[in-house]
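S.K.: Whenever a hint applies, use it, and build me the whole structure from the sequences.
If you're matching them up, the sequences are chains V and X in order.
Going from the first sequence to my numbering is simple: count from 1 and add 859.
Going from the second sequence to my numbering is simple: count from 1 and add 31.
Everything labelled a hint here was simulated from the structure, so no lab data went into it.
Quick reminder that beta carbons are idealized off the backbone N, C-alpha and C, glycines included.
None of the hints are false.
Computed spacing ranges between beta-carbons, pair by pair:
1. V/Q946 to X/T34: 29 to 39 Å
2. X/Q51 to V/E1041: 38 to 48 Å
3. X/F168 to V/R987: 43 to 53 Å
4. X/T34 to V/F970: 25 to 35 Å
5. V/Q946 to X/L48: 34 to 44 Å
6. X/Q51 to V/V878: 55 to 65 Å
7. X/V323 to V/H953: 33 to 43 Å
Covered stretches of chain X (chain V as the covering partner; in silico rule of three or more C-beta atoms under 8 Å from a C-beta of chain V):
8. 37–45
9. 223–231
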Amino acid sequence: MSGFILETEGLTKEFRGFVAVKNVSLKVRRGSTHALIGPNGAGKTTCFNLLTKFLPPSAGRIVYNGRDITREKPSSIARLGLVRSFQISAVFPHLSVLENVRIALQRQRGFSFDFWRAEGVLAEYNDRAAELLEAVGLQEYVAHTAAELPYGRKRALELATTLALDPAMLLLDEPTAGMGHEDVGRIMELIGRVAKDRTVLMVEHNMTVVSTLAHTITVLARGEVLAEGDYATVSKNPDVIQAYMGTANA
Amino acid sequence: MATVTAGEIRAATHEGLPRQQVVAFVIMVGALVAAPFFFYPVFLMKVLCFALFACAFNLLIGYVGLLSFGHAAYFGMGSYVAAHAAKVWGLPTELAILAGTAVAGVLGVVFGWLAIKRQGIYFAMITLALAQMVFFFSLQAPFTGGEDGIQSVPRGHLFGVIDLRSDLAMYFFVLAIFLMGFLFIYRVIHSPFGQVLKAIRENEARATSLGYRPDHYKLTAFVLSATLAGLAGATKAIVFQLASLTDVHWSMSGEVVLMTLVGGLGTVFGPVVGALTIVTMQNYLASFGAWVTVIQGVIFIVCVMAFRRGVIGEIANVLKKPL
Ligand SMILES: Nc1ncnc2c1ncn2[C@@H]1O[C@H](COP(=O)(O)OP(=O)(O)OP(=O)(O)O)[C@@H](O)[C@H]1O
Ligand SMILES: [Mg+2]
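M.R.: Okay, here's the thing in structure tokens:
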């Protein structure tokens, strides 16, 4: 198997004439942590939506684990071990924090179409769910409704839910956005820990997080790849500085 | 680091039957067993049939978030088929009801498959359009008896022994059907399947990204809902010995929405209370003639403005416990 778990060729997405992602060829090395950065509107989230099949590409190909997934359904992507989080925290607001994680753990049963069974059969996942919640520092909140959590904690819950699937590859869209300082530290530490034995592709604006965690950084601007390399290389690249300054002044 | 206790897990998973629901259920069953000795059984049977219909409808809107505006199709088809089976084919009552239920279920598979690909208002419109097709089919098809409907359907004997011509016997048979349906729905929403349904209702994109196929779950729920609506319609046909165009008319679809909203959408007991309220109102206001609709409309508006969560929804909100 190739050293790259995920490869795209000429990935392009056009919205009624506006090209949000243009000819992106991305290679993510197996086991690495790869950051996708770029100014607002660069096309990072759109890229994620293409990779996880939430949007069909206008052109290009996506290969995951040696398999062409360009025409797969979004739900199949997760079953292949490629699981995403969302930029805007995605929890199940009226379920309890524990139930949120359990929904993901429940996937191990295959499909849950057994409407005649009591939900007590799900109790076997409670301990694992509690463990995952402890790992993200939510042990005090298990019985809360997800909607009651402050924003940063919702992000942590989302991460615990994603990790519950034990995916081979994680796609995290701004995992620390909207978090307080100490939460960022904890989540960063957690991502570092879970990234040891899997591949992580993340969109992140916090440069401390990026420089600490990422082995490789790809910079997107206006839908195109502007630069790629490690943090030291990328941060010195004049085009990258220009792209960021450009939007800062705009 | 503090660890999660078993008690917290119990609280988080709502393990065991919630006390207030058990109490409410016991009160409901007690009242329903006693009721025929105080009230007119035929009226009560009407309430029970509509309560089951509303519970079936609520499974879809309350737990999947899908507003069907064509549930009369399943109710009405269940009614026609049961009436035809009992009268023309001479099937025993219980089999006639099962036949009506099964046909409604099959119709649910086809219509559900067509409708669930659409979201929100488009879903509602497609279900309405399909139900209108069923209405015109019922108007034209020879077996439905057109404007007359299927009249003087025999009530028959239950399992060949119990004479259902007695209103009291019929009542307890209908009560048994209602309770089975009610408990079945309770089980569905508290099953592993029900958990996934709620997740889809809450955040479909997230459920998809976790590997679930929302369409398959929605379709399953749709078919269950249609089947139970058919059971309600079939039972109604036997009780009133009549299947008619009223059962498949769009206003029947509207009525079940009204009942569920008044009682409390997404609550276990709400649809029952809603059905009781609306059927009682129609009965007592019948002397007002055409004004019934107007009065009903006003009450509906008052309900929506005053208690948005419906009667049971508001009570549950005060108690801070699910009902
Ligand atoms: N569904 C859509 N229809 C039309 N245009 C869209 C759609 N989704 C995204 N866009 C546009 O594509 C561009 C890229 O958006 P995208 O959300 O991918 O940016 P981003 O890099 O994730 O930005 P941010 O850092 O703000 O999250 C934006 O100009 C956006 O307006
Ligand atoms: Mg984005």
